[in-house]
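If you read the sequences in order, they're chains A and B. For the record, in the first sequence the residue sitting at position 113 is 151 according to my numbering, with numbers rising by one throughout. For the record, in the second sequence the residue sitting at position 73 is 111 according to my numbering, with numbers rising by one throughout.
Hints were generated in silico from the structure; no laboratory data involved. Do not take every clue at face value.
If several chains are the same, the list does not tell them apart, and a pair holds so long as it fits within one copy or across any two.
[Said to hold, decoys possible] Below, computed lysine-lysine pairings styled on DSS-like, alpha-carbon distance capped at 25 angstroms: (1) Lys189 with Lys223; (2) Lys81 with Lys189; (3) Lys172 with Lys219; (4) Lys114 with Lys164; (5) Lys189 with Lys238; (6) Lys238 with Lys120; (7) Lys76 with Lys51.
Number of protein chains: 2
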Amino acid sequence: MTDDSSEISKKEKILLAASKLFLEKDFKTVSTQEIASKAGVAKGTVFHHYENKHLLALAVLDVFVNQMVSDFDKMKETTEPKEIIIGMIHYSMDLVTNSTGLTQLLFQVIGDIDHLTKEPENEVEKQIQNEVRKVENLLVGFINEFAIIFKRMGFENPIAYSRIFIGVLDGLGLQFALNPKPDTKLMEELTTTMIALFTKR
Amino acid sequence: MTDDSSEISKKEKILLAASKLFLEKDFKTVSTQEIASKAGVAKGTVFHHYENKHLLALAVLDVFVNQMVSDFDKMKETTEPKEIIIGMIHYSMDLVTNSTGLTQLLFQVIGDIDHLTKEPENEVEKQIQNEVRKVENLLVGFINEFAIIFKRMGFENPIAYSRIFIGVLDGLGLQFALNPKPDTKLMEELTTTMIALFTKR
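Kindly generate the complete structure, drawing on both the sequences and the hints.
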């Protein structure tokens, strides 16, 4: 931590501005100048903290992934397994409806599977690899957590159930990343149908 | 068609060799020389037909997407909706188990969502955009087809059911693209659980 407090605050402002812009728009259409203007800093200050737009996007994604982990930890505080499943369904549906830009960013990074198997050649590739591993661990973590939850609910094949449950959430995320802005009625039907499928034996 | 028959045959040999290699290995680890050797042609011949490895990979993916469409058309020939659903589950499980390289390639291209919104700058970007649109249309097509099938089976909210069903198949594809080589017991449990979820009201 070599930054003084005002520098940290500028870095946070840049990250917050970038999050908002990447959430509203596609990655390629957001310029560094736009991020700087929204954060109220000079363009050079953006480059001082983040060497390029890719590294900034990865920082945004990282905040988002950390947020998901901490939101899930809160969700787990309820002791009723059925409520955790319903909570996760509502959380995911909210995410795909209101954070299209971020889910698009997520799929773009996940899609970069190559980066898992080759030596990173520069800082961006190194960060992508770290983030893909982090998302992969998150996915495996969710599968294990929900396997325990489905087991507690007395479902047969709880691991298969958990993989299918997490698979649906990812698959719907992908559908709405490709075709954003689903209508409210469809989202309600999806939520009701998923709750019926995954809380009743 | 300016190619003579022996040129067409060489092009086909290259495509077949590339398909096998991309299926077995990660995209980045397959060299053009390796493709040429497997196809039994000179390296220059590969570049004559496909300007670079990316365009060849897209051609491989295109063959794969066309194959999926034609396989699904065959599946639909049976009149029993339940059998079509079971057929699709088996088909997808077989795909994620035995064609990891291709599903990885698919997610890499889908992940490139940027390419839908910006003007392509070169031939590779143009081909990626075409392929993402084709995959997106395939996804929408499947959702519509299975909505009709779930409706015929008397399910409530057939569109939601169809989106969830296609979502599971994509989501599981993503899980096994990130972590290939699932064991046989898990695949059997997934198949059984999915059949129970999507064929019983």
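### Intra/inter-copy verdict for Lys114 and Lys164 if alpha-carbon distance must be at most 25 angstroms
neither (32 angstroms within a copy, 45 angstroms between copies)
### Query
Quick one: Lys238 to Lys120, C-alpha cut-off 25 angstroms, is that within a copy, between copies, both, or neither?
So Lys238 and Lys120 pass the 25 angstroms test inside a copy (9 angstroms) and across (21 angstroms) alike.
### Task
Indicate which option fits the pair Lys81, Lys189 if close means a Cα-Cα distance not exceeding 25 angstroms: within, between, both or neither.
This pair counts as neither: shortest intra-copy Cα distance 52 angstroms, inter-copy 55 angstroms.
### Task
Can you give me the call for Lys189 and Lys238, within, between, both or neither, at a CA distance of at most 25 angstroms?
Both ways: Lys189 and Lys238 sit 13 angstroms apart in one copy and 21 angstroms across, limit 25 angstroms.
### Lys172 and Lys219: within-copy, between-copy, both or neither at 25 angstroms Cα
Result: close only across copies, 20 angstroms inter versus 27 angstroms intra.
### Task
Could you figure out if Lys189 and Lys223 sit no more than 25 angstroms apart (CA to CA) within one copy, between two copies, both or neither?
Cα proximity of Lys189 and Lys223: across copies only (18 angstroms, versus 32 angstroms in one copy).
### Query
How do Lys76 and Lys51 come out at 25 angstroms by Cα distance, when the copy is not named: within, between, both, or neither?
Intra 9 angstroms, inter 54 angstroms, cutoff 25 angstroms: intra-copy only.
Checked against the numbered hints given earlier, this structure breaks hints 2, 4; the rest are met.
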